[in-house]
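Between the sequences and the hints, there should be enough to build the whole structure, so can you do that?
Keeping their order, the protein sequence lines are chains A and B. Under our numbering, the first residue of the first sequence is numbered 1, with each subsequent residue one higher. Under our numbering, the first residue of the second sequence is numbered 1, with each subsequent residue one higher.
Incorrect hints may have been included.
The list treats identical chains as one, so a pair stands whether inside a single copy or across any two.
[To be verified] Cut-off 30 angstroms, straight-line C-alpha distance, at most; resulting in silico cross-link-like pairs (DSS-like, lysine-lysine): (1) Lys339 with Lys107; (2) Lys271 with Lys40; (3) Lys40 with Lys107; (4) Lys40 with Lys341; (5) Lys316 with Lys341; (6) Lys52 with Lys316; (7) Lys107 with Lys316; (8) Lys40 with Lys316; (9) Lys40 with Lys272; (10) Lys244 with Lys272; (11) Lys339 with Lys15; (12) Lys107 with Lys266; (13) Lys341 with Lys15; (14) Lys341 with Lys376; (15) Lys107 with Lys52; (16) Lys341 with Lys107; (17) Lys244 with Lys40.
Since the hints were derived computationally from the structure, they do not count as laboratory data. These numbers come from a predicted model, not from an experiment.
Number of protein chains: 2
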Amino acid sequence: MIKGARFSGIASGIKAAGLDLGLAFFDRAVPHTALYTRNKVKAAHILYNQRKAANRVRALLVNSGCANACTGEEGIGDLAAIASELAGRLNIRADEVLFASTGVIGKRLPVETIVAGLPGLVGALSQDGLEVFARAMMTTDTYQKIVEERMPGAADCTIAGVAKGAGMINPLLATMLAFVFTDYPLEPARMGRLLPVLGRESFERISVDGDTSTNDTVMLFSTGSAPAQAGAGAFRQTLARVMKALALMIVRDGEGATKVIHLTVKGALRKKVAEAIARRIAGSPLVKTAFFGCDPNWGRVIAAAGDANVPFDPDKVEIAIQGEVLARGGVEIPFSEEKLKELMTANREIELVVDLHDGNACYDMHTTDLTFDYIKINASYRS
Amino acid sequence: MIKGARFSGIASGIKAAGLDLGLAFFDRAVPHTALYTRNKVKAAHILYNQRKAANRVRALLVNSGCANACTGEEGIGDLAAIASELAGRLNIRADEVLFASTGVIGKRLPVETIVAGLPGLVGALSQDGLEVFARAMMTTDTYQKIVEERMPGAADCTIAGVAKGAGMINPLLATMLAFVFTDYPLEPARMGRLLPVLGRESFERISVDGDTSTNDTVMLFSTGSAPAQAGAGAFRQTLARVMKALALMIVRDGEGATKVIHLTVKGALRKKVAEAIARRIAGSPLVKTAFFGCDPNWGRVIAAAGDANVPFDPDKVEIAIQGEVLARGGVEIPFSEEKLKELMTANREIELVVDLHDGNACYDMHTTDLTFDYIKINASYRS
Chain A
1 MIKGARFSGI ASGIKAAGLD LGLAFFDRAV PHTALYTRNK VKAAHILYNQ RKAANRVRAL
61 LVNSGCANAC TGEEGIGDLA AIASELAGRL NIRADEVLFA STGVIGKRLP VETIVAGLPG
121 LVGALSQDGL EVFARAMMTT DTYQKIVEER MPGAADCTIA GVAKGAGMIN PLLATMLAFV
181 FTDYPLEPAR MGRLLPVLGR ESFERISVDG DTSTNDTVML FSTGSAPAQA GAGAFRQTLA
241 RVMKALALMI VRDGEGATKV IHLTVKGALR KKVAEAIARR IAGSPLVKTA FFGCDPNWGR
301 VIAAAGDANV PFDPDKVEIA IQGEVLARGG VEIPFSEEKL KELMTANREI ELVVDLHDGN
361 ACYDMHTTDL TFDYIKINAS YRS
Chain B
1 MIKGARFSGI ASGIKAAGLD LGLAFFDRAV PHTALYTRNK VKAAHILYNQ RKAANRVRAL
61 LVNSGCANAC TGEEGIGDLA AIASELAGRL NIRADEVLFA STGVIGKRLP VETIVAGLPG
121 LVGALSQDGL EVFARAMMTT DTYQKIVEER MPGAADCTIA GVAKGAGMIN PLLATMLAFV
181 FTDYPLEPAR MGRLLPVLGR ESFERISVDG DTSTNDTVML FSTGSAPAQA GAGAFRQTLA
241 RVMKALALMI VRDGEGATKV IHLTVKGALR KKVAEAIARR IAGSPLVKTA FFGCDPNWGR
301 VIAAAGDANV PFDPDKVEIA IQGEVLARGG VEIPFSEEKL KELMTANREI ELVVDLHDGN
361 ACYDMHTTDL TFDYIKINAS YRS
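Put into structure tokens, the structure is as follows:
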């Protein structure tokens, strides 16, 4: 429970079935900060929030079933119309409403359907509504993603985060939508510094298919309704934990995923080298299908590393899966394929370590395998 | 038939079944030029050819079933041993032998098996052997890839190319192995200029899965055994056609592909912008699965373009599939989803045009859809 915030979610009819409209409402205007997609094509909600919303807001309206991306000025106008209606119902200003959308690109929002749903949505607001709110933004997600932590040493402070993920999950700002709420009092300037830094350690470290969404949005809200008992360090640590946990939930629910690959590239000369290699390995369809097949195919891993276009010495590379070393000095060492296959089959979460033996920098990423179900989900997503 | 060249292919036992060893033999030492993978991890045959082979060569030995990559100095030593044996049989110098390998990474070549196969391979050399040679280098390819053209105006000159592709096909030097032979007399310096230029127009314009192989090799050989009747322009045009045809054969036989996507990005301010956007679209799993599903999902196309990290105006973009415009000015225009679905279902080769309406530069690429069979092939490739 976040003091000073209420949540709700309803099935408004944007989607044929299921919850599709969620509302977060704050007792007073609260500061927020956001990270938006780096895709050049940005959804209407991003353009709207950046152009029209105030710094302190009272409400966040989230919908699934329609991305409201590539809808031009009309798409932004649709949000303005909805903001005006919602503001009237909540007795707030229109510029105190933020939006976030997820779903199919290129379709306009069904404004009348959404407006017709607003009375029910507002009526359902509750301090315990975070779960329905989280469910309202799911698309191909198979479960809602909620993390809630009480801050240590400050019994009255809470951080709660919700996210949706599944597909179009990319290596740079890898979530589609994630919202973190806290009643811990936060200065706007500090929020603005914290979110990008912690985002780089969490949502930017995951990858499902390497595609960057037009809608990626991460937001942090502070109601400030709890007393600030705990120190800044404890808050930061808790927030980092919540964000990392949400990011991992997104990977674990990656479209069609049967495996989560926890990849560490270490022994790099510089962090940038480790990151480039990690991103290339995490994005390789051949590596990802090998993990789906429980095939300890380290050759595809080193080939992907070599394709990262950064300097390293292939003849020093060591590769291990679940702690079993498969290659050292860039060449295969004797290992039991059978044992590895068993290890990879038995575990849903698999450690993959690539040691460049070149320095002390490292980078970790979390990705999934590439499976029949990913194809199935995405070959038929719109129909 | 290439005058001055003979070819053969046998099942030596590197693979459990099928042809796996091919030989090209030239009547006299011929000039050659090669393009090798840009992957930092290079197969032993590339390192060997670059370090040990002479400029003019007599023989090219190609094997499938083992990439001889990530095998260290031992892998290079294996090739030296085979070169020595083969040179003895052919009565040539060891440094007149070139190699190329394809197959699983990280395994040593079975040198004894290969050496045992050499007498049969040499004995089978024939002027008509190009087809068995091409088949000997197939891995997951479903058919051999051969293009043979007589040069117009020069009845006695021929260009013949063979290639293998299928998987680990990437946007930059996209083939695994391709060899082009001609009896047209070519100066080595001219060969060295022509191959990279024509490579950029052919093998570098295709993409199957975006993974760059450790073994990518394109070679051009000129026996010079035909009289040089035709002009340099005619030769260049024919060579360009042969290379483009081979590249398209590789895409058409992409692992698991059911569709070939002929993508053109036009109206760009600069060619670099068009190329970056084309490569990003051609590499997007979401775009590729949409084509597999015959889903005219232009939103994924524009989202991929926006993810290319180059400047363009999303509000000017026009997208057409098979000549039917789906979006203009960055937003959807009315079209019949049913008609598009039918068009995409009925055609194996599909035109996708993205017009940025920003300038006059363009770039075209050829890629495949992403299918269940791609996963199937690659989840079980080694077993």
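Hints, one by one, checked against the model:
When the C-alpha separation of Lys339 and Lys107 is checked against a cutoff of 30 angstroms, the pair qualifies only between copies, where the shortest distance is 18 angstroms, while the shortest distance within a copy is 50 angstroms. With identical chains, the CA atoms of Lys271 and Lys40 are at most 30 angstroms apart both within one copy (26 angstroms) and between copies (18 angstroms). In this homomeric assembly, Lys40 and Lys107 come within 30 angstroms of each other (Cα to Cα) only inside a single copy, at 18 angstroms, whereas the closest approach across copies is 43 angstroms. Taking the shortest Cα distances, Lys40 and Lys341 sit within 30 angstroms of each other only across copies (28 angstroms), while inside one copy they are farther apart (42 angstroms).
Taking identical chains as interchangeable, the C-alpha atoms of Lys316 and Lys341 lie at most 30 angstroms apart only when both belong to the same chain, with a minimum of 25 angstroms there against 51 angstroms between chains. In the homo-oligomer, the alpha carbons of Lys52 and Lys316 lie at most 30 angstroms apart only across protomers (23 angstroms), although the nearest pairing inside one protomer, at 54 angstroms, exceeds that limit. For a Cα distance limit of 30 angstroms, the shortest separation of Lys107 from Lys316 across copies, 17 angstroms, qualifies, whereas the shortest one inside one copy, 51 angstroms, does not. In this assembly of identical chains, Lys40 and Lys316 lie within 30 angstroms of each other by CA distance solely across copies; the values are 13 angstroms between and 39 angstroms within a copy.
Proximity of Lys40 and Lys272 under a CA criterion of 30 angstroms is satisfied in both settings, with 23 angstroms inside one chain copy and 16 angstroms between copies. Proximity of Lys244 to Lys272 under the C-alpha cut-off of 30 angstroms is restricted to the intra-copy arrangement: shortest distance 21 angstroms within a copy versus 37 angstroms between copies. In this assembly of identical chains, the alpha carbons of Lys339 and Lys15 lie at most 30 angstroms apart only when taken from different copies (24 angstroms versus 46 angstroms within one copy). In this homomeric assembly, Lys107 and Lys266 come within 30 angstroms of each other (Cα to Cα) only across copies, at 24 angstroms, whereas the closest approach inside a single copy is 44 angstroms.
For a Cα distance limit of 30 angstroms, the shortest separation of Lys341 from Lys15 across copies, 22 angstroms, qualifies, whereas the shortest one inside one copy, 42 angstroms, does not. Taking the shortest Cα distances, Lys341 and Lys376 sit within 30 angstroms of each other both inside one copy (25 angstroms) and across copies (17 angstroms). In this assembly of identical chains, Lys107 and Lys52 lie within 30 angstroms of each other by CA distance solely inside one copy; the values are 22 angstroms within and 60 angstroms between copies. Taking CA atoms no more than 30 angstroms apart as the test, Lys341 paired with Lys107 passes between copies only; the shortest distance there is 18 angstroms, against 45 angstroms inside one copy.
Proximity of Lys244 to Lys40 under the C-alpha cut-off of 30 angstroms is restricted to the intra-copy arrangement: shortest distance 26 angstroms within a copy versus 32 angstroms between copies.
When held up to the earlier numbered hints, the structure conflicts with none and fits them all.
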